[in-house]
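Undergrad: What follows is each chain in one-letter form.
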Amino acid sequence: MSDVLVSVKNLSIHFGGLKAVDNVSFDIHKGEILGLLGPNGAGKTTCFNMISGVYKPSSGQVFLDGVCTNGLPPHKMAAMGVGRTFQVVKPFAGLSVEENVIVALGMPHYGKFASSWRFWNAKPSRDAAMELLKMVGLEKEAQSRAGLLPLGNLRKLEIARAMALKPRLLLLDECFSGLRHEEIQVIEDLIYKIRDTGVSILFIEHNMKVAMSLAEHIVVLDHGRMLAVGIPAEIQKNPAVIEAYLGKGGDSDAA
Amino acid sequence: MFDSYVINVATQIIIQAIAAYGLNIIVGNAGQISLGHAAFVAIGAYSNAMLTTVAGLTFWQALPISLVIVGIVGLLCGLPSLRVHADFLAITTIGINFIVVAVFQYTPFFGGSMGLGGIPSVHMFGHPLRAQGFFLLCVVIMAIVMAICWLFTRSWSGLSCFAIREEETAASSMGVSPVRAKLTAFVLGTMIAGLSGALYAHYMKFISADAFSFPFSVTLLSIIVAGGLGTFWGPLLGAVILGVMPEVFRPLVDYRMFLYAAILLLMIRFMPGGILGGSTMLSIKNLAKRGKTAKGGC
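Quick note, the sequences are listed as chains A and B, same order. When we follow this note's numbering, the leftmost residue of the first sequence carries the number 1, and every step to the right adds one. When we follow this note's numbering, the leftmost residue of the second sequence carries the number 256, and every step to the right adds one.
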């Protein structure tokens, strides 16, 4: 695991006087599952948004395979191999499930004038979409309107859509939140399957138990700063992390 | 075949339908509200009128030049406008409409408030087209425009516009450049508007700026809303309904604007997707047939 895919170096962003993310550094290795943890408002999603190009960092850099990606817009990041899901699901509600995936399959066409005028509704893209839907277990819903799917299926659809970009890095923003236990299991298995194809995964998670079992390494943020880095077993025992989650001398059962 | 009155009304309906097809790409497919579409109809009309009367070109020679002019103006207007959203875009496009009308109205070069007259007939095969011939030409051109719209909704460019309409943030993280997708729709839509304008100029033989003022933009928007936003037949259906209604209700001419407003309000309340769109009676059958998907429609 010496191959570093993503290197985040001294990343900071300020919104006015608010330091949402302050001097955060970590590496993601090729084929690694890294968890980004922290209480509400710790800056996890902001970190995601900087890696995926939604925000431009105030200072610091993100390197993807050695290339600095600061200032690239989201659609360029998608072309560079960064796929993502959203904390609040964002399906193309009026399109079918299959069409949702085909939108992402079109990524190589959108930038080029000539190929952007070809048909998207052709067999190769339909087959490729079907394959991805089979991977996440949505092949039966392929023709239904995405806006009508329940949350669990929407989270799967978002993963299928992100995987259609053939990403090197998959960013999962709370892809378990609001799901039942069985659904969490299914998506967890799916994440392992994706990891085994060589894709690096960075996920944000609130649920400690899930995060601990899924991640190989964990980065904990609090108030925009790095609190701890390490393997799950270390993080679990780290007094600073326990304090951030439970408060001083707390005895509540934050899960 | 038909009497000249029917041909007259039908020709105007087709010309409006063509402009509405252009607007449908911008509003229905790409989800970008435009309340200034008449401005681009005006630019197409004035370009073709000037090129044929002043420069002495024929309709067919002038048409490609006019379309390029409209496309460039559309691009220049679209670049700054499409960076703002929803209500702001509506206000910006209204502004474009007023500016373009003012330029045509107050510049002597464009005939000023006197308008431009003496626009020649369209010739085909060496003969000038009379009312029926011109009507058929408009129908053929509308069919071509419909084919372009159909092809567009099936191209990757069209799909990227649907994605932008549905969810811009997600679309951009799927590799769609929002600016590029919106501009593509905007330029294509304005060029189709220009085509409609060129036909209008050669049909009326005389144009003046007030024909292209803001209320015409509202009429075009009403056409596509009534017909069904983003649907294939919607603009034509809307143009027919809004074109025939005033003729049928001619005795009620004083109440026309009142009727339009009432119909629009009722549509928004009971059929927000238009006659062909959304969850209306006509489209339920349609939806089932299409397997509940929304190919190019909402």
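No lab work stands behind these hints, which were simulated from the structure alone. Cβ coordinates follow ideal geometry from the N, Cα and C atoms, glycine included. Among the clues, some could well be false.
What the hints assert, rightly or not - Derived list of chain A stretches under chain B, where covered just means 3 residues or more per stretch with a C-beta under 8 Å from a C-beta of chain B:
| no. | region |
| --- | --- |
| 1 | 70-83 |
| 2 | 87-94 |
| 3 | 105-113 |
Undergrad: How about the region 105-113 of chain A: do at least three of its residues have a C-beta closer than 8 Å to a C-beta of chain B?
TA: Holds: 6 residues of the region 105-113 of chain A have a Cβ under 8 Å from chain B.
Undergrad: Check, residue by residue, whether the region 87-94 of chain A contains three or more positions whose beta-carbon lies closer than 8 Å to a beta-carbon of chain B, and give the verdict.
TA: holds (count 5)
Undergrad: Cut-off 8 Å, C-beta pairs, minimum 3 residues; does the coverage of the region 70-83 of chain A by chain B stand?
TA: Coverage by chain B holds here, the residue count being 7 at a Cβ distance below 8 Å.
This entry satisfies every hint, going by the numbered hints stated previously.
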